[in-house]
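Listed below, chain by chain, are the residues.
2 protein chains.
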Amino acid sequence: MNLSHKITAINIHLEQSVDSLEDSKVKEALKYSLLSGGKRLRPVMLLSLLEDLGVNMSIGMDAACALECIHAYSLVHDDLPALDNDDLRRGKPTNHKVYGEDFAILAGDALLTFAFQLVSDCDNAKDCVGILAKQAGSNGMILGQELDILDDIHTLEELLKCYELKTGCLFNASLEMAVVLAQRNDLRPFASKLGRNLGIAFQIQDDLLEVTQSSEIIGKSVQSDLIRNKKTILSFMSLDKAQLYLDDLFKTIFDLMHDNHLSNQSLYELVKTIDKRIM
Amino acid sequence: MNLSHKITAINIHLEQSVDSLEDSKVKEALKYSLLSGGKRLRPVMLLSLLEDLGVNMSIGMDAACALECIHAYSLVHDDLPALDNDDLRRGKPTNHKVYGEDFAILAGDALLTFAFQLVSDCDNAKDCVGILAKQAGSNGMILGQELDILDDIHTLEELLKCYELKTGCLFNASLEMAVVLAQRNDLRPFASKLGRNLGIAFQIQDDLLEVTQSSEIIGKSVQSDLIRNKKTILSFMSLDKAQLYLDDLFKTIFDLMHDNHLSNQSLYELVKTIDKRIM
Chain C
1 MNLSHKITAI
11 NIHLEQSVDS
21 LEDSKVKEAL
31 KYSLLSGGKR
41 LRPVMLLSLL
51 EDLGVNMSIG
61 MDAACALECI
71 HAYSLVHDDL
81 PALDNDDLRR
91 GKPTNHKVYG
101 EDFAILAGDA
111 LLTFAFQLVS
121 DCDNAKDCVG
131 ILAKQAGSNG
141 MILGQELDIL
151 DDIHTLEELL
161 KCYELKTGCL
171 FNASLEMAVV
181 LAQRNDLRPF
191 ASKLGRNLGI
201 AFQIQDDLLE
211 VTQSSEIIGK
221 SVQSDLIRNK
231 KTILSFMSLD
241 KAQLYLDDLF
251 KTIFDLMHDN
261 HLSNQSLYEL
271 VKTIDKRIM
Chain P
1 MNLSHKITAI
11 NIHLEQSVDS
21 LEDSKVKEAL
31 KYSLLSGGKR
41 LRPVMLLSLL
51 EDLGVNMSIG
61 MDAACALECI
71 HAYSLVHDDL
81 PALDNDDLRR
91 GKPTNHKVYG
101 EDFAILAGDA
111 LLTFAFQLVS
121 DCDNAKDCVG
131 ILAKQAGSNG
141 MILGQELDIL
151 DDIHTLEELL
161 KCYELKTGCL
171 FNASLEMAVV
181 LAQRNDLRPF
191 ASKLGRNLGI
201 AFQIQDDLLE
211 VTQSSEIIGK
221 SVQSDLIRNK
231 KTILSFMSLD
241 KAQLYLDDLF
251 KTIFDLMHDN
261 HLSNQSLYEL
271 VKTIDKRIM
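Those protein sequences? They're chains C and P, same order as listed. Going by the working numbering, the first residue of the first sequence is number 1, and it counts up by one from there. Going by the working numbering, the first residue of the second sequence is number 1, and it counts up by one from there.
The set of hints was computed from the structure by calculation and includes no laboratory data. In this text, all values refer to a predicted model and were calculated from it rather than measured experimentally. A portion of the hints provided could be inaccurate.
Intra- or inter-copy, both count: the list cannot distinguish identical chains.
Stated by the list, open to error - No farther apart than 27 angstroms at their CA atoms in a straight line, the calculated lysine-lysine pairs in the BS3-like style are these:
| id | residue 1 | residue 2 |
| --- | --- | --- |
| 1 | 230 | 97 |
| 2 | 25 | 231 |
| 3 | 161 | 25 |
| 4 | 25 | 230 |
| 5 | 161 | 31 |
| 6 | 31 | 251 |
Take these sequences, add in the hints, and give me the full structure.
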C-alpha cells in the first residue's frame, strides 16, 4: 500500500472512530483538531513497519489512530495561552481561538482519553497501552514539553534530549507498538532507538526549515522560535554545520534500518521522504 | 480490612507508584494534587467490592490508584482559570496557584496518562482500560463537565444527567473494573447502575451540604454554587423535598446491593458512611 493510500485509510478510520462518540461541543472541538489534515506521520510509521514485518495492517489501525489522537491533544494543549499561546496551527486558528480555552482544555483531555480507548481495542492491548502511556507521559513527551517551557537549555546535549522527549518518544511509541503487534518483541530496542533518533532528526529539520522556508510551506508563523528567543540547533552551531549534523543523523538512521533488514521497504521509503521533507 | 487500612494501603501504593517517575517539576505538581489527602473514595469502592467478591485486593491496587489519578487530574483541570477558576481545594491553594497554569495543565495531562500506565499493569488490562477510558472520556465524565460549563440545565432530569456523568461515571468505572478483575462479568450491569446512582446521590448530598454546613467541614468555600448561580437540586425543589429525594435514592441503592447479595459487607458499610457523610 503506498503512502497516500495509508493516509486515506487512517483518515477514514479516524472519522469512523470519532463518529462513535455522542454529539457534543467537546466532540466538535476535538474533531476540529483531529480531522483538519496533517501528515499522519506517526500512524503511517506504525502501519509501514507492520507492512514491512509482513503483518496485515488492519491489526494496527486502532493503535495508529490512537497515536494521532495523542499528537492532536498535545498540539491543542501546547497552543493554549498558558503554554505557547499560538493563534495559528496548520494555517487555521488554533482550537482555543475557535472553541474557547475551556473547551480546548476539555477537547485535549478527551483526545488523550480516547487514544487509550482506541488502544484498548487492539490485540495485545496491555503492552500497547503500557508503551503509549510511558512514551506520552511525564517521563516522555510531557517531560519534553516541560524542558521546553522552563527554557533551561544551555548545551547541545540538553537540546537533543528535549527533542528526543518532545518528538522522539511518540515516534518510539509508533514503532514499538508496531513490533509488539507483529509479535516481534525482539525488535523493541531497535524500534525504540530508531523512533528516538528519528524524532531528534525531525526536530532539527524543523529548526532548519524555520530559517530557510516561507510560512506557506511549513504552515505556521516563520521564525517564531527566533522571535520567542527559544533555543534551536542554530543556537549551538552554524546552518552549514547543522545540515551536516542532520545528514550524519539520517545516515545513522538508515544504517540502523539496514542492520535490521528493513532496507528498501515501506518504512525506509517513509524515512527517505522525511529526510527530504517532501511529504 | 477496615476502611482506614484500605486508605493507608492506597496512599502507600500511590506514593510508591509516583516514586517510579523521574524527578521533574511536573512530577512535583502532580504529587501536590495526588498526595494531598482526599477520601480516596473511588479506590476504596473498588477494593471494597473486590473484598466482598472474595478476591485478594492486591490485584486491584493499580486500577484503584488509576482512579485516583483520573479524579485528581479532573480536579486540577476543573480548577483552572479558564474553567471553574478556583483558588482553594481541600483547604489548600489549587495547583495552578502554586505551579502556574502551564504546569497545572501538564500535571493534569500527566496524571491522566499515568492512570492508563497503572491500569496497563492490571490483570485483564484490556477490559479495564476500555472501561476507564469510556467512563472518563467525552461520553462520560468529560461530557458531565461540558454540561456544567454550558450551564444549559433547565430541568431536574438534566441536572441528574449532569451528576450521573460528572461523578457517577467514575464510580461506575470503580465498580465495573472491580467485577471484571474478580472475573464476574455477569455483575457488570449491576456495577454500572450502582455506580451511577451513587454518583447522583453523592452530588445531591454535596448540594445539600453546601447550604447546611460550614466551609471548615466541607473544605471549600461555602455556597460557592449559589454565588455562581449554578443549578443545584435546590433550584428544582425545597431542602426538605431534596432530603426525601436523597433518602429514596439511597434506599434504591441499598435495595440494589441487597438484591445482588452484597448486604452487610465492605461496600455496603462504605455506602452507609457515604449516606451519613461521616467519612
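How the hints compare with the structure:
1. 230 x 97: both (23 angstroms within a copy, 26 angstroms between copies)
2. 25 x 231: Cα proximity of residue 25 and residue 231: across copies only (20 angstroms, versus 37 angstroms in one copy).
3. 161 x 25: Classified as between; 16 angstroms across copies, 37 angstroms inside a copy.
4. 25 x 230: between (34 angstroms within a copy, 19 angstroms between copies)
5. 161 x 31: between (32 angstroms within a copy, 24 angstroms between copies)
6. 31 x 251: neither (38 angstroms within a copy, 42 angstroms between copies)
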